[in-house]
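From first to last, the protein sequence lines stand for chains L and W. Here the first sequence stands for residues 89 to 414, numbered as in the numbering used here. Here the second sequence stands for residues 89 to 414, numbered as in the numbering used here.
No wet-lab data here; the hints were simulated from the structure. Worth double-checking, as some hints may not be accurate.
Same chains, same label: a pair holds when it works inside one copy or across any pair of copies.
[As the list claims (entries may be wrong)] Think about it this way: if two alpha-carbon atoms lie no more than 20 Å apart in a straight line, the pair counts; the simulated SDA-like pairs of lysine to any residue are:
hint: 1; residue 1: K188; residue 2: E408
hint: 2; residue 1: K275; residue 2: L287
hint: 3; residue 1: K413; residue 2: L402
hint: 4; residue 1: K106; residue 2: L402
hint: 5; residue 1: K372; residue 2: L189
hint: 6; residue 1: K259; residue 2: T406
hint: 7; residue 1: K106; residue 2: N403
All figures in this text were calculated on a predicted structure; none of them were measured in a lab.
There are 2 protein chains.
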Amino acid sequence: MIQTLTGDIEFIESLRGKKATLLLALSNTKTANIQASEGSSQNQLTPTISSEFICTGQIKSMDIDPQELSNSAHLTRYIHTKTPFGRIELLDLGLETKPKLNYFTLHDFEIPISQNIAKGANIDAQAIFEKGINFGQSYQCKDEYIILAESIPSGILTAMTTSLALRYKNKEDFSACSESKTENLLKLALSNINEKDDLFAILSKVSDNILIFNAGFILGLNNSIPILLAGDTHMAALLLIINRILKLMGGVMETSNLALCTTKEVVEDSNNNIKNIVETPLFKINSYYVDYDLLDSECQDITGSSGALIYGILNGLTKEDISQKI
Amino acid sequence: MIQTLTGDIEFIESLRGKKATLLLALSNTKTANIQASEGSSQNQLTPTISSEFICTGQIKSMDIDPQELSNSAHLTRYIHTKTPFGRIELLDLGLETKPKLNYFTLHDFEIPISQNIAKGANIDAQAIFEKGINFGQSYQCKDEYIILAESIPSGILTAMTTSLALRYKNKEDFSACSESKTENLLKLALSNINEKDDLFAILSKVSDNILIFNAGFILGLNNSIPILLAGDTHMAALLLIINRILKLMGGVMETSNLALCTTKEVVEDSNNNIKNIVETPLFKINSYYVDYDLLDSECQDITGSSGALIYGILNGLTKEDISQKI
Numbered sequence: 089m090i091q092t093l094t095g096d097i098e099f100i101e102s103l104r105g106k107k108a109t110l111l112l113a114l115s116n117t118k119t120a121n122i123q124a125s126e127g128s129s130q131n132q133l134t135p136t137i138s139s140e141f142i143c144t145g146q147i148k149s150m151d152i153d154p155q156e157l158s159n160s161a162h163l164t165r166y167i168h169t170k171t172p173f174g175r176i177e178l179l180d181l182g183l184e185t186k187p188k189l190n191y192f193t194l195h196d197f198e199i200p201i202s203q204n205i206a207k208g209a210n211i212d213a214q215a216i217f218e219k220g221i222n223f224g225q226s227y228q229c230k231d232e233y234i235i236l237a238e239s240i241p242s243g244i245l246t247a248m249t250t251s252l253a254l255r256y257k258n259k260e261d262f263s264a265c266s267e268s269k270t271e272n273l274l275k276l277a278l279s280n281i282n283e284k285d286d287l288f289a290i291l292s293k294v295s296d297n298i299l300i301f302n303a304g305f306i307l308g309l310n311n312s313i314p315i316l317l318a319g320d321t322h323m324a325a326l327l328l329i330i331n332r333i334l335k336l337m338g339g340v341m342e343t344s345n346l347a348l349c350t351t352k353e354v355v356e357d358s359n360n361n362i363k364n365i366v367e368t369p370l371f372k373i374n375s376y377y378v379d380y381d382l383l384d385s386e387c388q389d390i391t392g393s394s395g396a397l398i399y400g401i402l403n404g405l406t407k408e409d410i411s412q413k414i
Numbered sequence: 089m090i091q092t093l094t095g096d097i098e099f100i101e102s103l104r105g106k107k108a109t110l111l112l113a114l115s116n117t118k119t120a121n122i123q124a125s126e127g128s129s130q131n132q133l134t135p136t137i138s139s140e141f142i143c144t145g146q147i148k149s150m151d152i153d154p155q156e157l158s159n160s161a162h163l164t165r166y167i168h169t170k171t172p173f174g175r176i177e178l179l180d181l182g183l184e185t186k187p188k189l190n191y192f193t194l195h196d197f198e199i200p201i202s203q204n205i206a207k208g209a210n211i212d213a214q215a216i217f218e219k220g221i222n223f224g225q226s227y228q229c230k231d232e233y234i235i236l237a238e239s240i241p242s243g244i245l246t247a248m249t250t251s252l253a254l255r256y257k258n259k260e261d262f263s264a265c266s267e268s269k270t271e272n273l274l275k276l277a278l279s280n281i282n283e284k285d286d287l288f289a290i291l292s293k294v295s296d297n298i299l300i301f302n303a304g305f306i307l308g309l310n311n312s313i314p315i316l317l318a319g320d321t322h323m324a325a326l327l328l329i330i331n332r333i334l335k336l337m338g339g340v341m342e343t344s345n346l347a348l349c350t351t352k353e354v355v356e357d358s359n360n361n362i363k364n365i366v367e368t369p370l371f372k373i374n375s376y377y378v379d380y381d382l383l384d385s386e387c388q389d390i391t392g393s394s395g396a397l398i399y400g401i402l403n404g405l406t407k408e409d410i411s412q413k414i
């Protein structure tokens, strides 16, 4: 059920049976307000209420039926009840509304919500990157490895914009651009980039807090503990940023403990190409996807739970368990 | 399957997936010899042999078929085999017969068995309370939280007597008083209390070693680690004692890491009201009960395993697993 996308199966197999800390990176970007107005179901409260639900099975910050949450949130919660994570911790990387949680560790980095990329996201990229580095250098994981997942409405758009602004020619690798208004947002964002902008100036204009922070976080961890980046092309775009930072600094990074995972849904989606993104950087990593053949076509939108799915499988959860839930 | 009785679900959810130390507080009181003679099934060896069985699956100190042990002991043992505790440790708070265990940590506090409350229990309450304080201050938990369970024949009677002697007007909150001999024991016990008796003098006459020690233990821990008090109205009465001690000392106690759990059996028993007891003190705590709807009516007497049940659920045990065992 776990398939290798790049590299070798051994890395993920070495984590079988071990407890992981689930880190949920959460942020809003005002880009989502604009993108949402064209009919996208993006909701700025999604990171907040999804994380509340995953942690407790209840929603605190909004009066809605949990059934309205994504399949991804439900599946992650289900897996946490069947094969519990060692702990769940939250990274507040610029939220409109903080999750109403008192017993779960919420790392607050005092990062403001980023602005609409059409007008320049106005992110202090250097400062956020340094916060990520510091967090990575000081973080003491109480479990044996980290699963890093994320929730940021309009994230695929900011990931694509970031990649193109960093002069990767890989627009087709991302799937955010199906609607004309989104296409327009992309053009406006890129039009703000000047020839003279350095790497961090570019990120400040077109990226988002999660990508910038996590680039620092990964570099700060410096391969000291296994970490599984769980998500879609937004998470993969993190590798593209790290690649540019390493080039800028003339550095190299050990990546034997760094891997990415996603779902078959993403891998087989002809509107993007996550494998291309993973293979673009100079460094190589192992990557995997969950091959959930038993799930039928109505089970979309579970990519956000790819880390949880792999964790469940590595801890004995069967296809039947997962199918039954869905 | 875990329901909130008071407070919020988040505390217990934050323990999901984490290992706990099960502390078994064990004691006898000679009150049980009197209560037993009227046909109660109280057995002074119950704490000893139940703890032997929970730890090892065998009984050492008595020649009986394990089938004769309570459902509670069997269920706790079952859960320890399916989703094992990090460790089990025993607190000898005055046992006639020490458990025959060499590899399990047995904390021996050299506390004598308390006497029959009808004649005055003759407990050195101050000394036992201080032993509890010292233990709480020095205890190094090797797991992420503590589940405190207990076994003391006639415990509900001593809990009720203690509560009434401490001038709570809540006799109906306890269920020990259905028989006339028990009612008589209660009256005799209360008749020993004088106007001039201070808190510890009262406890010395009508209480039991476990209630007094654990009041000190909880205060000694001072909210430093999550602790789940598992049991019935006897365990809840601990809160009433702590409440009086805090009043006497003019102190307050942080309780964010203190919670209580019981079973649906206790919550729905119209002969007592554990929720009232939990809500009586000035301090507030989270409390929970296990809602084991799938278990049929012959499955009484599992309240002693409420901590184990919650632990099992928090570590992936399903209703089906539990029902199957019972």
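Hints versus structure:
1. K188 x E408: Close neither inside one copy (33 Å) nor across copies (32 Å); limit 20 Å.
2. K275 x L287: Intra 19 Å, inter 77 Å, cutoff 20 Å: intra-copy only.
3. K413 x L402: both (18 Å within a copy, 18 Å between copies)
4. K106 x L402: both (8 Å within a copy, 17 Å between copies)
5. K372 x L189: Between copies only: 18 Å across chains, 37 Å inside a chain, cut-off 20 Å.
6. K259 x T406: Answer is neither: 36 Å inside a copy and 46 Å across each miss the 20 Å cutoff.
7. K106 x N403: both (8 Å within a copy, 14 Å between copies)
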